Amino acid sequence: MEWTQVYDPLNNLWLSALVAFLPIALFFLSLVVFKTKGHTAGFLTVVLAAIIAVFVYGMPFNKMLFSFVYGAVYGIWPIAWIIVAAIFLYKLTVKSGYFDILRESIISITPDQRLQVILIGFCFGAFLEGAIGFGGPVAITAALLVGMGLRPLYAAGLCLIANTAPVAFGAVGIPIIAMAGVVGVPAIEISSVAGHMLPPLSLFVPFFLVFLMDGFKGIKETWPALFVAGFSFALVQYLTATHLGPELPDIASAVVSIAATTIFLKFWKPKNTFKFDSEVGGKQTLEAKQYSASQITLAWTPFVILIIMIIIWTQGWFKEALAFTTLKFNFDSLNGLFQTPPAVNETKAVNSVFSLPLVLNAGTSIFITALITMALLKVKVSTAITTFGETLNEMKFALLTIALVVGFAYISNYSGLSATLALALAETGDAFAFFSPIVGWLGVFLTGSDTSSNLLFGTLQQLTARQLDIPEVLFLAANSVGGVVGKMISPQSIAIACAAVGLVGKESDLFRFTVKYSIIFVIIIGIFTYALAFIFPDAIPMSR
12 MEWTQVYDPL NNLWLSALVA FLPIALFFLS LVVFKTKGHT AGFLTVVLAA
62 IIAVFVYGMP FNKMLFSFVY GAVYGIWPIA WIIVAAIFLY KLTVKSGYFD
112 ILRESIISIT PDQRLQVILI GFCFGAFLEG AIGFGGPVAI TAALLVGMGL
162 RPLYAAGLCL IANTAPVAFG AVGIPIIAMA GVVGVPAIEI SSVAGHMLPP
212 LSLFVPFFLV FLMDGFKGIK ETWPALFVAG FSFALVQYLT ATHLGPELPD
262 IASAVVSIAA TTIFLKFWKP KNTFKFDSEV GGKQTLEAKQ YSASQITLAW
312 TPFVILIIMI IIWTQGWFKE ALAFTTLKFN FDSLNGLFQT PPAVNETKAV
362 NSVFSLPLVL NAGTSIFITA LITMALLKVK VSTAITTFGE TLNEMKFALL
412 TIALVVGFAY ISNYSGLSAT LALALAETGD AFAFFSPIVG WLGVFLTGSD
462 TSSNLLFGTL QQLTARQLDI PEVLFLAANS VGGVVGKMIS PQSIAIACAA
512 VGLVGKESDL FRFTVKYSII FVIIIGIFTY ALAFIFPDAI PMSR
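Heads up: the sequence shown begins at 12 in this note's numbering, then just goes up one per residue.
Treat the hints with care, since some could be wrong.
Unchecked claim - As a list, the in silico BS3-like pairs of lysine-lysine whose alpha-carbon atoms are at most 25 Å apart:
| hint | residue 1 | residue 2 |
| --- | --- | --- |
| 1 | LYS517 | LYS407 |
| 2 | LYS339 | LYS359 |
| 3 | LYS106 | LYS391 |
| 4 | LYS46 | LYS517 |
| 5 | LYS106 | LYS527 |
| 6 | LYS106 | LYS339 |
| 7 | LYS407 | LYS48 |
| 8 | LYS228 | LYS286 |
| 9 | LYS286 | LYS231 |
| 10 | LYS228 | LYS280 |
| 11 | LYS527 | LYS228 |
| 12 | LYS280 | LYS231 |
Calculated from the structure, these hints are not laboratory results. Keep in mind the model is a prediction, meaning the values are calculated, not measured.
With these hints in hand, go ahead and build the complete structure from the sequences.
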């Protein structure tokens, strides 16, 4: 049975958009007002989206059902698998006792816990985002910060906010590379504009994190180190994004930022050493201990191996050699489901083939790293098996939440609900320059991925820019830049962060912690995008 998406089922685009927005509104209300658990909010949202898709948009029931199944399975593999493997790796380092040594080595750089959060949450998190993406960075860094003594909710919230700066270039530039392929614009051009828009945010984030931890007093005491961390990151991000493309900005910026900050802290110390109080953390008496160079090297080795594994996993020759390990299944019920203009350039069928990368998946590279770590740190096989079982048990509700929210995203995308919302905003004319990043923000909220948001709305951004006679690279980049601040409230990210720090069922608390900052950030990005479009158009690279 063939079925073509309809974007204005009520013959009034704004009324149709209002109805399409109802599942999102329900999710917000469930978490913020009713304070339900994540999987409960996800289930209610899926039910409402399914009803609207079938009875308002006329989507055949079987296509709606298999859209959900497609998304739910994708939520489990590869997304949830990455998180399970990352937490398993972290737990092995804890069980071995070497995590304490790793933690002390960071403390030896600086005993100030504000700066430790910057080194782990901002710098190391950005490196992981550039390498693996898909929520893995938040899972690993949040777990590390809990191990450093932060209260779980606080650690998860700070890591979600810290993760904003690198998301646009995450997973070796995949968000921008994927968009470039769909819209037919060179990736370097989109990367260059994003490289002009993101550095101010990258410079600001370390200061904002310290403000959340210790107010203006904290900024006053640590600003030289914050400037070194943020400026070195922003500068390298700008240079690599504008001159080299989207693959390296995160990894290169993170490495330079870590090195610059570490060297700077060898010569400069804050006047007062900050330790979290009992309401935020607990280890007020945490002091650096002395370990041998070999012990410290061994403690960091799992993460060095992880870096090497990730580099191997991103190589073309490796992907070609192991392409046979990727299984593909066709969801027959999704055959004959078509998207049409103006949501896309030309009528095309949605993807109905599900790829299951058994080996070529970042989660598998992390899991293999965990197995190597088990041998390297002399963790008993029985201990490792028990630890993996503990990880799965702790993750069970998080896995359910992830499956539900990604399933909702696919119902929304395959039924046309997402396109209706974006098309309504596109009707705002010149004001769309302000709403352009909000579309990307909405896309990441819906899908949990900047890549998915760019694939979902890239064509719409391009077509709208052409209608308004604005350089299309601006709106394409704005979609990705707006998406980076949507990551901190994405249901998928919230579920991952809660799972990483043992707060499954407390998703509403974390959502309320981050949502206000996400909204403020995207409004600022919207104003900045509008200014670039109409006040400073010459500042847009590739637009002359």
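Results for each hint:
no., hint, result
1, LYS517 to LYS407, "14 Å, holds"
2, LYS339 to LYS359, "20 Å, holds"
3, LYS106 to LYS391, "10 Å, holds"
4, LYS46 to LYS517, "8 Å, holds"
5, LYS106 to LYS527, "37 Å, violated"
6, LYS106 to LYS339, "37 Å, violated"
7, LYS407 to LYS48, "13 Å, holds"
8, LYS228 to LYS286, "14 Å, holds"
9, LYS286 to LYS231, "16 Å, holds"
10, LYS228 to LYS280, "15 Å, holds"
11, LYS527 to LYS228, "22 Å, holds"
12, LYS280 to LYS231, "13 Å, holds"
Hints 5, 6 from the list above are not met by this structure, while the remaining hints are.
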